[in-house]
Amino acid sequence: MTLLAPTGSGQPPPAPPAARSGRRRLLPYLLLLPGAAWLLIFFGVPLVQLAAASLYDPSGSLSTGYAMTWAVSNYPDVLQAYWPQFLRSFGYAGLALVLALLLGYPLAYAIAQKAGRWNNLLLVCVVAPMFTSFLVRTLAWKTILSDNGALVGLLRDVHLLAPDGRLLATPFAVVLGLTYNFLPFLVLPLYASLERLDHRLLEAATDLYASPVQAFRRVTLPLSMPGLVAGTLLFFIPASGDYINAELLGTPNEYMIGNVIDSAFLVRLDYPQGAALSFLLMAAILAVVFGYLRRAGTEEVV
Amino acid sequence: MRLSRWLADRWVMIVALLVLGYLALPILVVAGLSFNRPSSRLSYDFNEFTLDNWRQPCATSDMCDAVVRSVQIGFLATVIATVLGTLMAFALVRHRFRGRSGINVLIFLPMATPELVMGTSLLALFVSAGVPQGFWTILIAHVMFCVSFVVVTVKARLAGMDRRLEEAAMDLYASEWQTFRRITLPLVLPGIVAAALLAFSLSFDDFIITNFNAGTTVTFPMYVWGAAQRGIPPQVNVIGTAMFAIALLLVGLSSLRGRRARRANLLAGPAGHLRRPS
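Those protein sequences? They're chains V and F, same order as listed.
Everything in the first sequence is counted per the working numbering, starting at 1 for the first residue and increasing by one.
Everything in the second sequence is counted per the working numbering, starting at 1 for the first residue and increasing by one.
Derived from the structure by calculation, the hints contain no laboratory data.
These numbers come from a predicted model, not from an experiment.
C-beta atoms are modelled at their ideal positions from N, C-alpha and C, and glycine is treated no differently.
Do not rely on the hints blindly, as some may be mistaken.
If the Cβ cut is set under 10 Å, some of the chain V residues that face chain F in the computed set are [stated by the list, open to error]:
1. ARG24
2. LEU32
3. TRP38
4. LEU50
5. GLY60
6. SER61
7. LEU62
8. PRO106
9. ALA110
10. ASN120
11. CYS125
12. VAL126
13. LEU183
14. LEU197
15. LEU201
16. ASP242
Same shape as in the complex, but just chain V (with noise of 0.2 Å):
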């Protein structure tokens, strides 16, 4: 305001350290400006519009125009014909969770305290997945998976597998595609926290005579608890929003919400469905995400 007032009415100039002052108060918002323009205008308003989209009249179409109807009958609808898809995602990103859990924590807990000076080296060997494309590497699990491998030869000679048993295009390559592809989100932030722990608590525990099996669950697993919860956000959010492994290794019997999503919005070109999926799958995972965080009880995600 005192910028636009007329200079010669007499006022005094504003003395220099007010100025000055006054710039720097002013200096943080220019800084923020044109990065948190972008995220309102390319994330938040998007959002807005996306849900705009979920209530348009489903009758209409790309072509023709949509009309906004606030039809809300758009969400029951899509969650009546795509449920299984629906929980098809969940369940194998809960799945594949399970299994990184299981692979990711021994290899944090041994990088961060068993790896000494080879820690950095190794840490190296997680994020080294990716360093090359994803697609490229979810198309290798193809080969290695395939019906003429290597792979499916020895599981068909020891019996683990039916003579024309394949690997291939079932929801096994899916989940271990999946587990595959996040498990260095997993592991990242668990190690970041197991490397902090101390390891002479440990020597404390087993020296008050608490076994192994006691030690790691009194001591070591409370205290890898906030790498614990964000790793398996982190692990959890990508791997039940994707579509890319169900659609590279299964087939349609596996698809997953994703594979829904794209060709709604791809393929059929029908907005309002795609939408509506796309707010529920955001809706369900956020559900997930605060209903678990509430329950570890832990603030130091973000």
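Following the hints, complete the assembly by docking chain F onto the known chain V.
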């Protein structure tokens, strides 16, 4: 008996190495397949050794066009996101202002939102605003999801910095600009470089958000996705292997530089504490 004892002592490390093997396996397969002459377009099995794919990585020219486009988008998105994110990080660490928690939420939410939701919502926006989809909409989307990661990375570096170094510079009559140029920037630079590398790799590898906002523009991940239905040319594995090698080289170089810097600091004696490990 001794074997079981040995196993009991080391089972964590053994499991860890097995898991690392599981993580490494697909990379080895990609590297192996880059030397493969596939028996048919749709075959994923190893057939015959050849160097042809490496000799002519651009035999399928669409693929190389897609790689070039991904590099262009990645570069531009990295520059814009790094500038925007670094400015935000400075505001958050160095200033007190009203509305901080709102800004924090705005930065955190894109990292917690499924990519699918961000992709579809941007698509809904562009369609309703009548914006044609292509190179620029991809760029906008990439900057959007990279900014938050830049903020978090630079913020961590800034927060771990010793403010007294800047105060010392000011005490020695450095101007505000000089202090920034000579003290603040060099100290924050590793964080900014790390953030930029992260942004580039996020952008280069993004498929889900790009897929919804690309129109007919084809990036490398989009090309691979399309080719997965029609048959993958073996050169895709050449690109995958080369990407991996370049990234590994960068990591190796930076760790070497870090080690040399630490040694130099040690020799420099008392000044050694100037570079605090972040």
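To see whether the hints hold, each was checked on the structure:
Residue-level restraint check for ARG24 (chain V) holds (minimum Cβ-Cβ distance to chain F is 8 Å; threshold 10 Å). Checking LEU32 (chain V) against chain F by beta carbon gives a least distance of about 5 Å; that is within 10 Å, so the hint holds. Using the Cβ-Cβ criterion of 10 Å, the hint placing TRP38 (chain V) at the interface with chain F is satisfied: the shortest such distance is roughly 6 Å. For the restraint placing LEU50 (chain V) at the interface with chain F, the shortest Cβ-Cβ distance is roughly 4 Å, inside the 10 Å limit, so the hint holds.
The beta carbon of GLY60 (chain V) is not positioned within 10 Å of any beta carbon in chain F (closest approach about 12 Å), and the interface hint is therefore violated. Nearest Cβ of chain F to the Cβ of SER61 (chain V): about 12 Å, over the 10 Å cut. The hint is violated. Given hint, LEU62 (chain V) at the interface with chain F, holds; its Cβ is 7 Å from that chain's nearest Cβ, closer than 10 Å. Interface restraint check: PRO106 (chain V) against chain F, minimum CB-CB distance 4 Å, threshold 10 Å, status holds.
At its closest, the beta carbon of ALA110 (chain V) sits 3 Å from a beta carbon of chain F; the interface hint therefore holds under the 10 Å criterion. Checking ASN120 (chain V) against chain F by beta carbon gives a least distance of about 7 Å; that is within 10 Å, so the hint holds. Because the beta carbon of CYS125 (chain V) sits about 5 Å from the nearest beta carbon in chain F, less than 10 Å, this interface hint is met. Taking 10 Å as the C-beta cut-off, the interface hint given for VAL126 (chain V) holds, the closest approach to chain F being about 7 Å.
About 7 Å separates the beta-carbon of LEU183 (chain V) from the nearest beta-carbon of chain F, less than 10 Å, and the hint is met. Violation of the interface hint for LEU197 (chain V) is found here, the shortest Cβ-Cβ separation to chain F being roughly 13 Å, above the 10 Å cut-off. Checking LEU201 (chain V) against chain F by beta carbon gives a least distance of about 17 Å; that is not within 10 Å, so the hint is violated. Below 10 Å, beta-carbon pairs count as interface contacts, and ASP242 (chain V) has one with chain F at about 8 Å; its hint therefore holds.
In summary, the numbered hints that this structure violates are 5, 6, 14 and 15.
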